[in-house]
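Chains as they are written, first to last, in this note's numbering: chain A, 5 to 141; chain B, 2 to 307.
None of these hints come from the bench; they were simulated from the model.
Partial list, computed: chain A residues near chain B (C-beta under 10 Å):
| id | residue |
| --- | --- |
| 1 | Leu12 |
| 2 | Gly36 |
| 3 | Glu38 |
| 4 | Tyr41 |
| 5 | Glu50 |
| 6 | Asp59 |
| 7 | Ala86 |
Part of the chain B face toward chain A, derived, beta carbon under 7 Å:
| id | residue |
| --- | --- |
| 8 | Arg17 |
| 9 | Gly92 |
| 10 | Ile100 |
| 11 | Leu107 |
| 12 | Val113 |
Glycine included, C-beta positions come from ideal geometry on N, C-alpha and C.
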Amino acid sequence: MAEQYRVLIGKPGLDGHDRGAKFIVRALRDAGFEVIYTGIRRTAEEIAAAAIQEDVAAVGLSSMSGAHLRLFPAVIEALNQAGAGDIPVLGGGIIPEEDVDILRQAGIQAIFTPGTPAATIIAAFTKACEEHHRRHR
Amino acid sequence: MNIQDLLGRLHAGDPRAIGRAISLVEEQSREGAALLAGLDRERIAAALLIGMTGPPGAGKSTLTGGLVRHLRDQGQRVGIVAVDPSSPLSGGAVLGDRIRMMDHALDREVVVRSMATRGRLGGLCAAAGAAARIMAASGCTTVLLETVGVGQSEMDIVRLADLTVMVLAPGFGDEIQAMKAGILEVADLIVVNKADQPGSGKLALDLAAVFARAEDRDLRLHRTVASEDQGIDTLLARIDALVQQYRKDGTLHRKREQAFTLETLDWAQALLRPKLAALAAAGLRNADPRLAAEEIIIQLQQEPQS
Ligand SMILES: Nc1nc2c(ncn2[C@@H]2O[C@H](COP(=O)(O)OP(=O)(O)O)[C@@H](O)[C@H]2O)c(=O)[nH]1
Ligand SMILES: [Mg+2]
Numbered sequence: 005m006a007e008q009y010r011v012l013i014g015k016p017g018l019d020g021h022d023r024g025a026k027f028i029v030r031a032l033r034d035a036g037f038e039v040i041y042t043g044i045r046r047t048a049e050e051i052a053a054a055a056i057q058e059d060v061a062a063v064g065l066s067s068m069s070g071a072h073l074r075l076f077p078a079v080i081e082a083l084n085q086a087g088a089g090d091i092p093v094l095g096g097g098i099i100p101e102e103d104v105d106i107l108r109q110a111g112i113q114a115i116f117t118p119g120t121p122a123a124t125i126i127a128a129f130t131k132a133c134e135e136h137h138r139r140h141r
Numbered sequence: 002m003n004i005q006d007l008l009g010r011l012h013a014g015d016p017r018a019i020g021r022a023i024s025l026v027e028e029q030s031r032e033g034a035a036l037l038a039g040l041d042r043e044r045i046a047a048a049l050l051i052g053m054t055g056p057p058g059a060g061k062s063t064l065t066g067g068l069v070r071h072l073r074d075q076g077q078r079v080g081i082v083a084v085d086p087s088s089p090l091s092g093g094a095v096l097g098d099r100i101r102m103m104d105h106a107l108d109r110e111v112v113v114r115s116m117a118t119r120g121r122l123g124g125l126c127a128a129a130g131a132a133a134r135i136m137a138a139s140g141c142t143t144v145l146l147e148t149v150g151v152g153q154s155e156m157d158i159v160r161l162a163d164l165t166v167m168v169l170a171p172g173f174g175d176e177i178q179a180m181k182a183g184i185l186e187v188a189d190l191i192v193v194n195k196a197d198q199p200g201s202g203k204l205a206l207d208l209a210a211v212f213a214r215a216e217d218r219d220l221r222l223h224r225t226v227a228s229e230d231q232g233i234d235t236l237l238a239r240i241d242a243l244v245q246q247y248r249k250d251g252t253l254h255r256k257r258e259q260a261f262t263l264e265t266l267d268w269a270q271a272l273l274r275p276k277l278a279a280l281a282a283a284g285l286r287n288a289d290p291r292l293a294a295e296e297i298i299i300q301l302q303q304e305p306q307s
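So that you can see chain B by itself, here it is in the shape it has in the complex (with noise of 0.2 Å):
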């Protein structure tokens, strides 16, 4: 595999080469550490990455859907990154998000690449972050990242974007419940979807209340039905108004800060697994786990670098 060459074709927006790079990434090649070095700067610091997150079922897929068709007729180049969770049991995983986005299948202009979970302890943030910058740099300019919000390394996916869409809808009582204390701390945007079924209103109502002034409860929350394509331009208005705030009062930089601390951990962390993995096989035994582990970051810390 010529890794240059390959860069060139992504530039380029080549279908294939941008699919084959993120597969190199994803299993952690070293091949895939050459690409990222090689990508282009400039298209990565000028895109913007929006989150797309919320209980299964909400209409995530059929709002990024929606979202897609709007940022086209803007004549933007899309990305879209959408998480699925693993199967516990088997490993396997049924990737089904492309089903809404099958309309633009045949548009050059939008990238879609669907990723499983795969039940890693660290190394999910790398690698969604990793297949976000890959689309930026090959020309998408605006990338969609879809997770479900449920477990914490989900969540922590949605951290590494600019800007985080919550996205609910009436008859998810007690999950919305669960998660309402702490709403705000990873929505930029909560959106009420489904506005067509019963109990969408009372929905937004309870919703409002997590916001303190009535001002930013009318910037904040917003009310679609992405089934239908109602709703759908204004909120991408709001999250426009959102990101020119964002970039005014430094907000969108210190979320990117967090964001390069937050991937370059998780990589760590992916890399570090392994061999942490085979010197514990090897490590003390009878002695305390915790005295065992001291005694493999020493190992670990006299290994001559590779």
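Next up, chain A with everything else stripped away, as it sits in the complex (with noise of 0.2 Å):
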């Protein structure tokens, strides 16, 4: 890619289990963005905190321990609440089709299951990076 992408991937809640954020850690790095990985078990305005911090393109949340309805919205309110709701978030996890809707109506750019190929999350974080950093670059 031309521009350099800066994404981060948070893991908000309260499960340990961060294989899928780790796939999606090494899938971003190896399509060749630069990506901030906060660990397990971090709240939505520690994840906020540090997107804004380290300026990234977009924000990319795992979660597989069902509580994706709470844990994704509260982290872009946490990014409003703290003036960077321009940054766009994208989630992962087991989420049932039900539910996939309601995200994207909370907010959410774009949603992934254990399903998605890793090609469709890689485009999807290079739309977003896109997107951002045409409004701000």
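Quick one: dock chain against chain with the hints and give me the complex.
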């Protein structure tokens, strides 16, 4: 890629399974992204604060616990509170079909489930970063 | 982008402004240059820049996180620039140092920025040095600069620091042997971390041998268990004592002069490279490349100043 994209992958909530998060981290790195990883069990506010300090073009969230309906919108809210509502948020994990629309309406730009191909995920992050750079750079 | 506005917010410690400012500089934009010119020189001069280096896994990030905790207890505002290598294949990078700093994520007085080396031929020191100055200009009184102690360009980064801590740990036998010869040229303090692990005593003994004088060894070789917050307070006291000494005997002044030269040269290389690349691509053929190089330098000197 011509421009270097920086993204942050966060893992909100209490579950300690970060296989999914780490898979995304590596896939994005291999696609040329600079990826900041927060580690497990972070609060929405911590993730938002880190995303702002790192000036990333997109935030990706991973949740395996089933608490995504609460946790993902909480990160959007925390970003808004901190005056960074323009940073796009994407999410993945074990997310039932019926929750996808709810999350999209809450402002999550793209939702990934265990069956989503890596190429689709990378394309979604690329699009989100491109748009953010166009608005800010 | 209004640079005056950004500078004002940065001076007031606004995290968004600090993040944006570092990006502008990292991308080598014109705005970035204007921004650097407007930073608070007094704050920059007063801030202390500490380099943390050593092999991956030795505990640099954990120790840095621990130092941050103690510096915060002293009431200091602290910056951290953590540099990790980019993958030479994809150009991407995993910047994982932040995991060990997340306990400070909600503390507005702790500013963390992760940076990738971006395989730069020139420009790495420039970017890291500028990030540290932006943090200092935002009010950070100490800035910690973490970089993996491997390649030459990474080692160059710590030469920007007022004082460098080399973090080692048992179980890195070969890497440490390779570093030992020149270790005192880069490190002001040597820390044997993971003092809770077997082999730590032997490593400390081994390293003691690099010091010619016993009193130097006692001042500059130190053991910690970063993950248990052991020995970090004494390490900080040693750092303070050494900085005092460096101020008095002129070492600090000399180091800053050298750092200035190093970063200036790095900026010059980074800024010249695109122009040189274009001239080289369009330059002489059917001659020795050495001659072609001299030719493009002449062309560069004849170009009107932009
Ligand atoms: N046993 C032990 N483990 C430590 C100590 N300090 C750090 N670690 C662990 O060593 C690993 C690497 O630490 P990290 O700070 O990421 O190292 P870095 O790559 O040098 O930044 C982590 O799992 C830490 O928890 C220590 O003093 N003792
Ligand atoms: Mg580290």
